[in-house]
Amino acid sequence: MPSLISPSERDYILKGIECNIRADGRQRPDYREVILETGVISQTSGSARVRLAGGTDVLVSVKADIGPVLVDPETGEGADKGQIICNVECAPSASQQFEGRGADELNNELTQMMTRFLSHNTTTLSTPSSTTPSSTGAPNNNGAGGINLSKLCIIPGEQCWILYVDALVLDYGGNLVDAVFMGTRAAIFDTRIPKTEVQDLGDGNFDFEVLDDAEDTEVVEGREDMPICITLNKIGARHIVDASPLEELCTEAKLVVAVNRSGELCGLQKGQDGGIEPSLLLEMIQFGKTLGQTLIKQLDAKIKAEAEADTIKRQNGQPVVKLGFFAQ
Amino acid sequence: MATPAFSFTPSTFQKLHPAEFFRRFTTEGVRPDGRLLDAFRPTTVHHGVISTANGSAMVRIGGTTVVCGVKAEVAEPKLDAPDQGYLVPNVELSPMCSSKFRPGPPSEQAQAVSEAINRVLKESKVLDLKDLCIEEGKAVWVLYVDAVCVAYDGNIFDAALAAIMAALKNVRIRKPTYQEGTIKVSGGSTATDENSFRLNLARAPLSATFAIFDTTLTILADPNVTEETISDGQISITLDETGLLCGVTKIGAASCSQSVMKDCVQSAKKRTLQLRGIMNQQ
Amino acid sequence: MATDRKRVAGPESSVAPLVEYPIDHQPWTPFTEKRHDSHRQPEDLRPIYLKTGLISEANGSAYIELEKTKLTCGVYGPRPVKRAGQGFSDRGTLNCEIKFATFSCVKRRGTMRDAQEKELSQILSQGLTPAVRLELFPKSNVDIYITVLESDGWGSCIAAAFTVASVALAHAGIEMLDLVAGCSASYIPTSIPSTSSSTTSEAPSEGATGSITPQIFMDADLEEEKFQQGSIVLAYMPSLNQTTHVLQSGKAEGAIISQSVEHCVEACNKIFAVMNHALLESIDQKTV
Numbered sequence: 001m002p003s004l005i006s007p008s009e010r011d012y013i014l015k016g017i018e019c020n021i022r023a024d025g026r027q028r029p030d031y032r033e034v035i036l037e038t039g040v041i042s043q044t045s046g047s048a049r050v051r052l053a054g055g056t057d058v059l060v061s062v063k064a065d066i067g068p069v070l071v072d073p074e075t076g077e078g079a080d081k082g083q084i085i086c087n088v089e090c091a092p093s094a095s096q097q098f099e100g101r102g103a104d105e106l107n108n109e110l111t112q113m114m115t116r117f118l119s120h121n122t123t124t125l126s127t128p129s130s131t132t133p134s135s136t137g138a139p140n141n142n143g144a145g146g147i148n149l150s151k152l153c154i155i156p157g158e159q160c161w162i163l164y165v166d167a168l169v170l171d172y173g174g175n176l177v178d179a180v181f182m183g184t185r186a187a188i189f190d191t192r193i194p195k196t197e198v199q200d201l202g203d204g205n206f207d208f209e210v211l212d213d214a215e216d217t218e219v220v221e222g223r224e225d226m227p228i229c230i231t232l233n234k235i236g237a238r239h240i241v242d243a244s245p246l247e248e249l250c251t252e253a254k255l256v257v258a259v260n261r262s263g264e265l266c267g268l269q270k271g272q273d274g275g276i277e278p279s280l281l282l283e284m285i286q287f288g289k290t291l292g293q294t295l296i297k298q299l300d301a302k303i304k305a306e307a308e309a310d311t312i313k314r315q316n317g318q319p320v321v322k323l324g325f326f327a328q
Numbered sequence: 001m002a003t004p005a006f007s008f009t010p011s012t013f014q015k016l017h018p019a020e021f022f023r024r025f026t027t028e029g030v031r032p033d034g035r036l037l038d039a040f041r042p043t044t045v046h047h048g049v050i051s052t053a054n055g056s057a058m059v060r061i062g063g064t065t066v067v068c069g070v071k072a073e074v075a076e077p078k079l080d081a082p083d084q085g086y087l088v089p090n091v092e093l094s095p096m097c098s099s100k101f102r103p104g105p106p107s108e109q110a111q112a113v114s115e116a117i118n119r120v121l122k123e124s125k126v127l128d129l130k131d132l133c134i135e136e137g138k139a140v141w142v143l144y145v146d147a148v149c150v151a152y153d154g155n156i157f158d159a160a161l162a163a164i165m166a167a168l169k170n171v172r173i174r175k176p177t178y179q180e181g182t183i184k185v186s187g188g189s190t191a192t193d194e195n196s197f198r199l200n201l202a203r204a205p206l207s208a209t210f211a212i213f214d215t216t217l218t219i220l221a222d223p224n225v226t227e228e229t230i231s232d233g234q235i236s237i238t239l240d241e242t243g244l245l246c247g248v249t250k251i252g253a254a255s256c257s258q259s260v261m262k263d264c265v266q267s268a269k270k271r272t273l274q275l276r277g278i279m280n281q282q
Numbered sequence: 001m002a003t004d005r006k007r008v009a010g011p012e013s014s015v016a017p018l019v020e021y022p023i024d025h026q027p028w029t030p031f032t033e034k035r036h037d038s039h040r041q042p043e044d045l046r047p048i049y050l051k052t053g054l055i056s057e058a059n060g061s062a063y064i065e066l067e068k069t070k071l072t073c074g075v076y077g078p079r080p081v082k083r084a085g086q087g088f089s090d091r092g093t094l095n096c097e098i099k100f101a102t103f104s105c106v107k108r109r110g111t112m113r114d115a116q117e118k119e120l121s122q123i124l125s126q127g128l129t130p131a132v133r134l135e136l137f138p139k140s141n142v143d144i145y146i147t148v149l150e151s152d153g154w155g156s157c158i159a160a161a162f163t164v165a166s167v168a169l170a171h172a173g174i175e176m177l178d179l180v181a182g183c184s185a186s187y188i189p190t191s192i193p194s195t196s197s198s199t200t201s202e203a204p205s206e207g208a209t210g211s212i213t214p215q216i217f218m219d220a221d222l223e224e225e226k227f228q229q230g231s232i233v234l235a236y237m238p239s240l241n242q243t244t245h246v247l248q249s250g251k252a253e254g255a256i257i258s259q260s261v262e263h264c265v266e267a268c269n270k271i272f273a274v275m276n277h278a279l280l281e282s283i284d285q286k287t288v
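For the record, the sequence lines run as chains A, B and C.
UniProt numbering puts the first residue of the first sequence at 1, with every later residue one more than the last.
UniProt numbering puts the first residue of the second sequence at 1, with every later residue one more than the last.
UniProt numbering puts the first residue of the third sequence at 1, with every later residue one more than the last.
Just chain A, same shape as in the assembly (with noise of 0.2 Å):
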């Protein structure tokens, strides 16, 4: 990742992207090929790697572990939900400037645009009736970040899952934050967890047991309405998706669109120091919208298509050969 760039390499980048072709050949609003795979280590609930042709490498892991639920004093909110926990990390391998400390900034800002869009809930105070702490009342709505909690919930106000996210960054190639997010949706879709059953030990106590089945697992729900995120890149006048790193160099500003299947939009961040005219915005946000709804249409169709090549190979008695990390 190089941190400064010449005056006559931005200019040809600048020129060549008002003419609408990149320094790889691209047109402006040309996504690089997604190389993406679950289910990549076993230790994990779910895995994915994801790739983006040219550098960027992300790993997401998705751990889900029990945990007391975190109700908040003043309203009572949250004793029937579960919690996503995110955590993003650059390896300092994936570029010189993550070493020491260099990397903190961008690990803090990934990880809390990472919060912020997936586990913002909307409210639950559906009813006027917040008087009544046991929360009897159906969720809403899922949240942006379109996981159900509520399911992850095992005994209300007392244990529920939590799904430790946590993206590490293994190269840098430009547009990190669509790749982390697409490891993430992935991930998640990856991710089995273990059924529980809750016994009423009578006196308002209750008891868990988790089932210790293989097979017999859940997987996350609302898990098709997570989104991803689409970066625009503002240079000159013109905006491009899925900047290379000398592309990220000249961007004045980066616009990052969170998009779900329905295309909804469920976040939106300006990064770096420039400003964008508000028309020029909110075309930049349609765009985001239409491109991040054929992506994600793109990549269920590839995860589909891994899991069911992968019940085939089950079914027919073939062990089930994962790519693996060195993997090209």
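No wet-lab data here; the hints were simulated from the structure.
Careful: at least some of the hints might be erroneous.
[To be verified] Across the chosen pairs, the derived CB separations fall in these ranges: (1) C:His-39 <-> A:Glu-9: 33 to 39 Å; (2) C:His-39 <-> A:Glu-105: 38 to 44 Å; (3) C:Arg-133 <-> A:Gly-102: 24 to 30 Å; (4) A:Lys-313 <-> C:Ser-89: 54 to 60 Å; (5) A:Gln-199 <-> B:Lys-184: 24 to 30 Å; (6) C:Met-112 <-> A:Ser-262: 38 to 44 Å; (7) B:Glu-76 <-> C:Ile-283: 37 to 43 Å; (8) B:Asp-33 <-> C:Phe-88: 38 to 44 Å; (9) C:Ser-140 <-> B:Thr-215: 37 to 43 Å; (10) C:Gly-173 <-> B:Glu-28: 30 to 36 Å; (11) B:Lys-184 <-> A:Asn-205: 18 to 24 Å; (12) A:Ile-21 <-> B:Lys-15: 34 to 40 Å.
Beta carbons: idealized from backbone N, C-alpha and C, even for Gly.
For this one, chain A is given, so just place chains B and C on it according to the hints.
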């Protein structure tokens, strides 16, 4: 002193020789900002400025502004004091209030002021910590008293202590109920004497700070930031509402004779009385 | 919390007490009344009080108050970069730090800067940088410190931080292309979702919930934010017609977004007038 061959504007002179510039004023019995040597800066106190806090106050002494908020939380008491709550005063000198302070952990000055105030509150038994008990051995109130310096122009001790005392006076805590290990307080409707309680403050210490100049034996009341930096030391006299001494803190290497000390206490008596009047106005 | 030897220590851990509401307690809901503050229309902002020059030691400072939301900001610089190993830079840098006072929120905040504050600091510097002529002071640093004394609404707090910081920058005499005004809006459904009354624990079908079109509430306060489906914060340079930052979270349809961006731009123009007024006042004070 030889007459200089060239002359300065007053502001240049002040920058080059702050101490000398200052001395010329004080020998005339006046300070660069127009105050007499024993004059305190105009002081204002506002109560209840922060609604998210259980109690709050803002104190301004000249250019120094301190906002203090009290937050009440529940904790387990110490084993050796099962019926006593906690009172945790802290003063924050953020990099926002002056270029003197850097981001990061509290500076030495902030630590010194926090500790001095903690000592005053503790030693003079301002608050009976038993009042903060909810259920003996199980749960007590913790009062986090945080004084944030918004603008720094010297004499943080007086301003912080006044803000903390005013905020403590302003505290209202909902009456708690203890049930099977959980503490509940009633929400909704505005706080009244029926559903909440106030703190019973046994004493109300307030302080007056003076800057000491060793060479000229000058004593300046309520030093501002420039006076603080060129002074040899400072002395803070803390008195309660009956005029009883609650504490004396001296920082810096300045020496302080008995008669000076007496003068300071006399002046502090007048000042704290005046400050008490301002605090009780609202 | 780890023991902090540099502060007066309290107990190792403490929690806020649970709040129990009486049965007759009627909290505000968007279904019964228009807004939490009944004097406001959905598009109305809270009155803004903006004043410069409260911190005598700072190069520039400002204070903003939107009813309960209160922030102060101090600007120091341009001053030489102190940190070693940063190398030469032909442009100045903007260093923004925001800190919530421990008593500023309903829940007590920690004394250390947490991850959220770090991210907010980054967001603020991203949103303010486009307005500042950093090329004029190479090798230097401008420090912007913001303290939130009280927050009544998350979005409005960030928006106010943009506003107050850019006024403080201008007050410090730092050359800027334009002022940055910040504005927030929340999307709040104003009718009770039809499925909410069902007592079954079964999740409602997605189609039923998507049909409610939320209303845009400008500058929502904390009570209103509890009901929000999503929110947006926009930082905007009114004279240059440029958005310098946009931060949106929660689910919303494209039409709502474009509408709220328009509303925010409009509101920013109003805030701009207040900012100008505050700055003019500070000049008047200087000349008198």
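To see whether the hints hold, each was checked on the structure:
1. C:His-39 <-> A:Glu-9: 33 to 39 Å: violated (57 Å)
2. C:His-39 <-> A:Glu-105: 38 to 44 Å: holds (42 Å)
3. C:Arg-133 <-> A:Gly-102: 24 to 30 Å: holds (28 Å)
4. A:Lys-313 <-> C:Ser-89: 54 to 60 Å: holds (56 Å)
5. A:Gln-199 <-> B:Lys-184: 24 to 30 Å: holds (28 Å)
6. C:Met-112 <-> A:Ser-262: 38 to 44 Å: holds (41 Å)
7. B:Glu-76 <-> C:Ile-283: 37 to 43 Å: The hinted range 37 to 43 Å is violated for Glu-76 of chain B and Ile-283 of chain C, with Cβ atoms some 56 Å apart.
8. B:Asp-33 <-> C:Phe-88: 38 to 44 Å: This hint holds: roughly 41 Å between Cβ atoms.
9. C:Ser-140 <-> B:Thr-215: 37 to 43 Å: With Cβ atoms ~38 Å apart, the hint holds.
10. C:Gly-173 <-> B:Glu-28: 30 to 36 Å: holds (34 Å)
11. B:Lys-184 <-> A:Asn-205: 18 to 24 Å: holds (20 Å)
12. A:Ile-21 <-> B:Lys-15: 34 to 40 Å: violated (59 Å)
Of the numbered hints stated above, those contradicted by the structure are hints 1, 7, 12, listed in ascending order.
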